[in-house]
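Engineer: With chain V's structure known, arrange chain A with the ligands on it following the hints.
Chains as they are written, first to last, in full-length UniProt numbering: chain V, 1 to 361; chain A, 1 to 361.
Hints in this document: simulated from the structure, not taken from any laboratory. Just to be clear, a hint being listed does not mean it is correct.
What the hints assert, rightly or not - Straight-line alpha carbon distances no greater than 25 Å define the calculated PhoX-like cross-link-like pairs of lysine-lysine that follow:
id, chain 1, residue 1, chain 2, residue 2
1, V, Lys95, V, Lys58
2, V, Lys95, V, Lys61
3, V, Lys95, A, Lys150
4, A, Lys95, V, Lys150
5, A, Lys61, A, Lys95
6, A, Lys58, A, Lys95
Claimed, not checked - From the structure, some residues in chain V lie toward chain A, with a derived Cβ separation under 10 Å:
id, residue
7, Trp77
8, Asn81
9, Leu88
10, Gln89
11, Arg91
12, Tyr112
13, Ala113
14, Met118
15, Thr142
16, Pro147
17, Asn151
18, Met152
19, Ala155
20, Arg234
Claimed, not checked - Just the calculated beta-carbon pair ranges, DEER-fashion:
id, chain 1, residue 1, chain 2, residue 2, range
21, V, Glu72, A, Asn81, 17 to 25 Å
22, A, Asp85, V, Asp311, 24 to 32 Å
23, A, Arg350, V, Arg62, 26 to 34 Å
24, V, Ala57, A, Gly237, 28 to 36 Å
Where is the CB? At the ideal position from N, CA and C, for every residue including glycine.
2 protein chains.
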Amino acid sequence: MNTVQVETPGGSYPIHIASGRLDLLGQSIPDDATAIALVSNPTVYALYGQRASQALAKTGKRLVHIELPDGEAYKNWETLNLIFDGLLQNRLDRKAVLVALGGGVIGDMGGYAASSYMRGIRFLQVPTTLLAQVDSSVGGKTGINHPLGKNMIGAFYQPVAVEIDTDVLATLPGREVAAGLAEVIKYGLIIDAKFFAWCEEHVDALRALDSQAITYAIQRSCELKAYVVSQDERESGLRAILNFGHTFGHAIESGLGYGEWLHGEAVGCGMVQAAELSAITSGLSAESVQRVRALTAAIGCPVRPPDLGTDRWLELMQVDKKTEGGRLRFVLIPEIGQAVFESVPAEALRRVLDNAALPQE
Amino acid sequence: MNTVQVETPGGSYPIHIASGRLDLLGQSIPDDATAIALVSNPTVYALYGQRASQALAKTGKRLVHIELPDGEAYKNWETLNLIFDGLLQNRLDRKAVLVALGGGVIGDMGGYAASSYMRGIRFLQVPTTLLAQVDSSVGGKTGINHPLGKNMIGAFYQPVAVEIDTDVLATLPGREVAAGLAEVIKYGLIIDAKFFAWCEEHVDALRALDSQAITYAIQRSCELKAYVVSQDERESGLRAILNFGHTFGHAIESGLGYGEWLHGEAVGCGMVQAAELSAITSGLSAESVQRVRALTAAIGCPVRPPDLGTDRWLELMQVDKKTEGGRLRFVLIPEIGQAVFESVPAEALRRVLDNAALPQE
Ligand SMILES: NC(=O)c1ccc[n+]([C@@H]2O[C@H](COP(=O)([O-])OP(=O)(O)OC[C@H]3O[C@@H](n4cnc5c(N)ncnc54)[C@H](O)[C@@H]3O)[C@@H](O)[C@H]2O)c1
Ligand SMILES: NC(=O)c1ccc[n+]([C@@H]2O[C@H](COP(=O)([O-])OP(=O)(O)OC[C@H]3O[C@@H](n4cnc5c(N)ncnc54)[C@H](O)[C@@H]3O)[C@@H](O)[C@H]2O)c1
Ligand SMILES: [Zn+2]
Ligand SMILES: [Zn+2]
Numbered sequence: 001m002n003t004v005q006v007e008t009p010g011g012s013y014p015i016h017i018a019s020g021r022l023d024l025l026g027q028s029i030p031d032d033a034t035a036i037a038l039v040s041n042p043t044v045y046a047l048y049g050q051r052a053s054q055a056l057a058k059t060g061k062r063l064v065h066i067e068l069p070d071g072e073a074y075k076n077w078e079t080l081n082l083i084f085d086g087l088l089q090n091r092l093d094r095k096a097v098l099v100a101l102g103g104g105v106i107g108d109m110g111g112y113a114a115s116s117y118m119r120g121i122r123f124l125q126v127p128t129t130l131l132a133q134v135d136s137s138v139g140g141k142t143g144i145n146h147p148l149g150k151n152m153i154g155a156f157y158q159p160v161a162v163e164i165d166t167d168v169l170a171t172l173p174g175r176e177v178a179a180g181l182a183e184v185i186k187y188g189l190i191i192d193a194k195f196f197a198w199c200e201e202h203v204d205a206l207r208a209l210d211s212q213a214i215t216y217a218i219q220r221s222c223e224l225k226a227y228v229v230s231q232d233e234r235e236s237g238l239r240a241i242l243n244f245g246h247t248f249g250h251a252i253e254s255g256l257g258y259g260e261w262l263h264g265e266a267v268g269c270g271m272v273q274a275a276e277l278s279a280i281t282s283g284l285s286a287e288s289v290q291r292v293r294a295l296t297a298a299i300g301c302p303v304r305p306p307d308l309g310t311d312r313w314l315e316l317m318q319v320d321k322k323t324e325g326g327r328l329r330f331v332l333i334p335e336i337g338q339a340v341f342e343s344v345p346a347e348a349l350r351r352v353l354d355n356a357a358l359p360q361e
Numbered sequence: 001m002n003t004v005q006v007e008t009p010g011g012s013y014p015i016h017i018a019s020g021r022l023d024l025l026g027q028s029i030p031d032d033a034t035a036i037a038l039v040s041n042p043t044v045y046a047l048y049g050q051r052a053s054q055a056l057a058k059t060g061k062r063l064v065h066i067e068l069p070d071g072e073a074y075k076n077w078e079t080l081n082l083i084f085d086g087l088l089q090n091r092l093d094r095k096a097v098l099v100a101l102g103g104g105v106i107g108d109m110g111g112y113a114a115s116s117y118m119r120g121i122r123f124l125q126v127p128t129t130l131l132a133q134v135d136s137s138v139g140g141k142t143g144i145n146h147p148l149g150k151n152m153i154g155a156f157y158q159p160v161a162v163e164i165d166t167d168v169l170a171t172l173p174g175r176e177v178a179a180g181l182a183e184v185i186k187y188g189l190i191i192d193a194k195f196f197a198w199c200e201e202h203v204d205a206l207r208a209l210d211s212q213a214i215t216y217a218i219q220r221s222c223e224l225k226a227y228v229v230s231q232d233e234r235e236s237g238l239r240a241i242l243n244f245g246h247t248f249g250h251a252i253e254s255g256l257g258y259g260e261w262l263h264g265e266a267v268g269c270g271m272v273q274a275a276e277l278s279a280i281t282s283g284l285s286a287e288s289v290q291r292v293r294a295l296t297a298a299i300g301c302p303v304r305p306p307d308l309g310t311d312r313w314l315e316l317m318q319v320d321k322k323t324e325g326g327r328l329r330f331v332l333i334p335e336i337g338q339a340v341f342e343s344v345p346a347e348a349l350r351r352v353l354d355n356a357a358l359p360q361e
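Extracted from the complex, chain V is given alone in its bound form (with noise of 0.2 Å):
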């Protein structure tokens, strides 16, 4: 098994990786736990719920199964709700554990749910999506959308341990694999450079999801983000690099409406439009964008931009009137591995964008 260890000034905590985890999350629940609530949706429930539910009910402890509907769409107060009846209806006191069991959608709830229950009860983390066990697992953000934005409520809640299962993985439908490996490629392009040529290499082994290279990937992914993390934990300084392709990726799923394209499929090829950008304006070679494309490519992201119009990409990259006369910051790697969060002239942002718009071979 590998473990990494998360610190932050809000909690330090383990993830394991490993295959068959989960028939072991019982290990993860702490003794003096009460009772404990397994929170997930239909669709991973009928998948692996018996078998976390076998698992926890090892402790000899109280368990009670949550189920949320499942989607991006159902990340709200009313959902929410759902988990706080849940845990009231059957009395769960302060010592009660949450245990969510999902992709990055339940883990940002149930973490939220677990933050404001009776003020905070402990919450364990087991993704079940590539995307969550790279990203959105590690680092205790948790939260819901509003109608007039994402992610807009919630809180920096960190879990008692990540328990990730790679096995679970091979049930998740390629695109959803894609998009997770764009999370794990944009760590090499901040931040690694040698974990970015790793992937090159193992990209075919990546992608058929072989046992070896996807848990070295998301251990080293868990690595680098929890360094991140841990030098900053409410994201004032340094996490903001993690947002890397995330300017032009937000744009793209919301010009498109949510969910045409997946948010890793939208970031990956945002990651190829940051690269244009930081070799415009940051020094990055021409050969280094071209690394970039080409194994955004290999991983199964799109890499061609939609053409949704110049003006329409500054709107939604809420570049108005005012910010344009001005500046707007983004964040540019001088070279793969290296990440800075600069603002660039709204003439060199003009000149990638307009790129989209022409027609690609």
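Structural biologist: Structure of chain A with the ligands alone, referenced to chain V:
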């Protein structure tokens, strides 16, 4: 001006107590705040909204007003969402500051909204009831009610400062003053015998809201609560003593229906019952019990518990068959100024409750 400094792991901040603080609110807004959201209700806003707004406007920062309906019945998710709506519609960012102007209901909801908006923005407590000034605004407990329980959803979240203007108490209904004074004498009972004696001597001045007396009482209450909270921010130990009288008090509130007696009134009466229990189990002298009863009556709180019937009392105190066979934990005072958290024999509790059913002169 009197200042009490609160030190907790979650933050360190001043409580300013003085006549006229309302006109100086701008001084507590951090320089780097991008905007201010003033959260209040129609009752309080009609009385003090303009003065608060003018003081905040002096910062030159954008000021947004968010009005919530008045009353404990609205301390719920729907109302909380009105705050999020207002913050998002006005595009307030992570560097905005929320100002909660009102009693404990506004403070609890404003604080919880601040803790969750974009995973945490800064907030300023401006408590306008005596109860909020001596209790709810200090210590960082925030939250809302759930249909299945009061204060079930929330966060520990400390403000950047607490601004207490003693003048605003002038418009407070007399019953609210009495209810606040109950929490004041509670601090004396659990932790400071000298302060309890001081309250006995100055009870008329306190009821009349004499400026010097009430300022000192607020200051001392804040100091004592700050001390307890600094030892135990998240209520894992010592903080429990703040619940002296509250097990009985909560039973009264829910037994009569919330709102029938004010919380502080129920706590006042509950402290008399807790003193009686302390006499039976923990050696509190009969003379001390009498002092508790006399002062509680003198501040204007009821001292005769409602006749709910012993069985209903036990049910309301959640003494079910199981715990009744065992023992129930209470905050008790072996003498005035000292609290312990101990289990008591069901028999002793029954004796106190049977008392409640007796006709009293
Ligand atoms: N907290 C953070 O730091 C952070 C970081 C990145 C993303 N996020 C959030 O994560 C969410 C996206 O997470 P996601 O990509 O995991 O989406 P998701 O949770 O919606 O999961 C995607 C789909 O896969 C299904 N699924 C999950 N595990 C499966 C498995 N093993 N086999 C088959 N199907 C499975 C889910 O039921 C769902 O239908 C977004 O809401 C985003 O805001 C949070
Ligand atoms: N967070 C904590 O640690 C803590 C501690 C104790 C109580 N509480 C909470 O506090 C709440 C009770 O607070 P409360 O007693 O202040 O009730 P409240 O906020 O409902 O205020 C009582 C009434 O007085 C009005 N009011 C406020 N200031 C006024 C003024 N200066 N003049 C005239 N009217 C005024 C209010 O609008 C309201 O109608 C409860 O919800 C309770 O759960 C929290
Ligand atoms: Zn992402
Ligand atoms: Zn109280």
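Engineer: Run through the hints listed earlier and report the numbers of any the structure violates, in increasing order.
Structural biologist: When the structure is compared with the hints, none of them turns out to be violated.
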